[in-house]
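Top to bottom, those sequences are chains B and W. Under the working numbering, think of the first position of the first sequence as 1, with each following residue one higher. Under the working numbering, think of the first position of the second sequence as 1001, with each following residue one higher.
Keep in mind the hints are simulated off the structure, nothing from the lab. Where is the CB? At the ideal position from N, CA and C, for every residue including glycine. Treat each hint with caution, since some may be false.
Calculated pairs, DSSO-like style, for lysine-lysine (alpha carbon to alpha carbon, straight line, at most 27 angstroms) [stated by the list, open to error]:
no.: 1; chain 1: W; residue 1: Lys1205; chain 2: B; residue 2: Lys135
no.: 2; chain 1: B; residue 1: Lys92; chain 2: B; residue 2: Lys180
no.: 3; chain 1: W; residue 1: Lys1009; chain 2: B; residue 2: Lys126
no.: 4; chain 1: B; residue 1: Lys25; chain 2: B; residue 2: Lys92
no.: 5; chain 1: B; residue 1: Lys217; chain 2: B; residue 2: Lys3
no.: 6; chain 1: B; residue 1: Lys15; chain 2: W; residue 2: Lys1009
no.: 7; chain 1: B; residue 1: Lys115; chain 2: B; residue 2: Lys92
no.: 8; chain 1: B; residue 1: Lys75; chain 2: W; residue 2: Lys1157
no.: 9; chain 1: B; residue 1: Lys110; chain 2: W; residue 2: Lys1157
no.: 10; chain 1: B; residue 1: Lys115; chain 2: W; residue 2: Lys1009
Which residues of chain W face chain B? A few of them, derived with a C-beta cut under 10 angstroms, are [stated by the list, open to error]:
no.: 11; residue: Met1001
no.: 12; residue: Ser1002
no.: 13; residue: Val1017
no.: 14; residue: Ile1082
no.: 15; residue: Asp1212
Here are the computed distance ranges between Cβ atoms for each label pair [unchecked claim]:
no.: 16; chain 1: W; residue 1: Ile1031; chain 2: B; residue 2: Gly62; range: 26 to 36 angstroms
no.: 17; chain 1: W; residue 1: Val1164; chain 2: B; residue 2: Lys118; range: 38 to 48 angstroms
no.: 18; chain 1: B; residue 1: Pro106; chain 2: W; residue 2: Phe1225; range: 46 to 56 angstroms
no.: 19; chain 1: B; residue 1: Gly62; chain 2: W; residue 2: Phe1016; range: 41 to 51 angstroms
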Amino acid sequence: MIKIDNLIKYYGQNKAIDNISFEVKTGEILGLLGPNGAGKTTIMNIITGYLYPTDGKVEIDGNNVHDGFFPAKNKIGYLPEQPPLYPEMLVKDFLTFVARIKGVAPSEIKNNVAKAIKTTSLDQVKHRLISNLSKGYKQRVGLAQALINDPSFLILDEPTVGLDPQQIIDIRSLITKLAKDRTIILSSHILSEVSTLCERVVIIDKGRIVATDSQDKLTRKVSDVKQIFIEIEANDDKKPIDIFLDIENINKVDKQASKTKGKEAYLIETPVNEDIRPLLYECCVKNNWIIYELTTLDASLEDVYLKLTS
Amino acid sequence: MSKIITIFKRELASYFVSPVAYLAMTVFSLIIGYFYVVILFHAKDSNIMQYLFNNMAVVFLLLCPIITMNLINQDRQQGTDILLLTAPLTSWHIVLGKFFAAIAIYFIMLLLTVFYPVFLVIWGSPDLGPILTGYLGVFLLGSAFISVGLFSSSVTKTPVGSAVISFGVLLLLWIISWASGFLTSGMGEVFKNISVLDHFDSFIKGVLVFQDIAFYVLFIFLWLFMTFRSIEITR
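Kindly produce the complete structure, drawing on both the sequences and the hints.
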């Protein structure tokens, strides 16, 4: 378990991190979300022991990361936003070097390097200079170095930034695979990435935690209305807006531009705990309107993020 | 210790994938070779190696900033300092590993000059004592230069900035004793004592003075400690 306790970090007079506390349970994938400069990278740098906190502490399985005896650091793998690579080294030599500085037993180094190469699909480029690799492969080498000591805790800072769509898909599926037997903290600007990969989200703004919960609970917290989109074909002179507004628990109906000629689309707002779809269906049947689409639009992580960090 | 060796090996190997080590060694060997020939033909006494050691020190004063200019700031530039500092290493492992790598380059440069005294032994009968103490002195002096260069690379962002600062500091520490003549005896004495040049004299004269050896050892430790602090302070 990772326990972050009242973390404070000053850069000169500037307070970058303001009393941050949260826990990550073993086996969990936690997403760190926040605008640029919110303090995500600073938090990750403190968790991994690169930076010292001004106050507070970080414990990995009960061991303080900054105590200088390294039992905590031995359990962490870190992929910073810019993969930390020596461009003049060959991939395999670099991974061997990382294994050595991370204290992997000499008898295990060969195995661990081979395993990391296999896991990150670097077999084709293992004898190539890092400086000659594509951005996607460099990211994989960065991930391989994070995995070299078979860590229980993986800290990934913007792991897909700057990659092309195929590379993003590959890295995400790799993270999903790695998450099966590891605890992961992942920061990202890409909200869909966080909502796909992470079970729980911590939203940070200006160095403070503004929300922490599962995505479902967060969306419920920030939104008190539910929106329903309906597209119908009504071959009569009736006004659907007025008819819909007569249904119980419908607060508001807005006409939307329909994508198809001859059809009408409406956005209906109801209280968040009400499901009025059966009533809408009955209403349409009663008026001989053909339903082409009836969808509940949940508040997205994007809505939560924008509302909490605005 | 094994982690220092790992850092040392990587750093030493990185010298040989760039032209820096080859250039420094070539320039050093050519200039020292030139001095050797010139001194050999012009010297009226048997202190050829004494003059050569003095010249080695001056040439290394110019080359040391180039050898050390990338040692720490390059890791910061390419983000590999994160790799080192999040690994189970202390900043001392990093400082010492990099220091010894630069020392190894300097040691190889000195090894390339060993055949000059060997020629003297073959065709003459030089006093071996001053040659051996001279090599020890020039090694300690060069190691002291490297410790300053290492510190300089830890407080600058660019290699050029590092080279300029280390050259400036080394030159100042070299010539600082020149001012002792104009100063009051107490202040002049202090300036003479912190001059890296004044402590070098005894070695090339063939005398091992404990205070001079202690000066270089303490000097090196002080600059390495400041390098350690400059890494820690940015964290």
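Hints, verified against the model:
no., hint, in the structure
1, W:Lys1205 to B:Lys135, "58 angstroms, violated"
2, B:Lys92 to B:Lys180, "26 angstroms, holds"
3, W:Lys1009 to B:Lys126, "20 angstroms, holds"
4, B:Lys25 to B:Lys92, "33 angstroms, violated"
5, B:Lys217 to B:Lys3, "22 angstroms, holds"
6, B:Lys15 to W:Lys1009, "39 angstroms, violated"
7, B:Lys115 to B:Lys92, "11 angstroms, holds"
8, B:Lys75 to W:Lys1157, "31 angstroms, violated"
9, B:Lys110 to W:Lys1157, "36 angstroms, violated"
10, B:Lys115 to W:Lys1009, "24 angstroms, holds"
11, Met1001, "12 angstroms, violated"
12, Ser1002, "7 angstroms, holds"
13, Val1017, "4 angstroms, holds"
14, Ile1082, "5 angstroms, holds"
15, Asp1212, "35 angstroms, violated"
16, W:Ile1031 to B:Gly62: 26 to 36 angstroms, "59 angstroms, violated"
17, W:Val1164 to B:Lys118: 38 to 48 angstroms, "47 angstroms, holds"
18, B:Pro106 to W:Phe1225: 46 to 56 angstroms, "31 angstroms, violated"
19, B:Gly62 to W:Phe1016: 41 to 51 angstroms, "44 angstroms, holds"
The structure does not agree with the numbered hints 1, 4, 6, 8, 9, 11, 15, 16, 18 stated previously, though it agrees with the rest.
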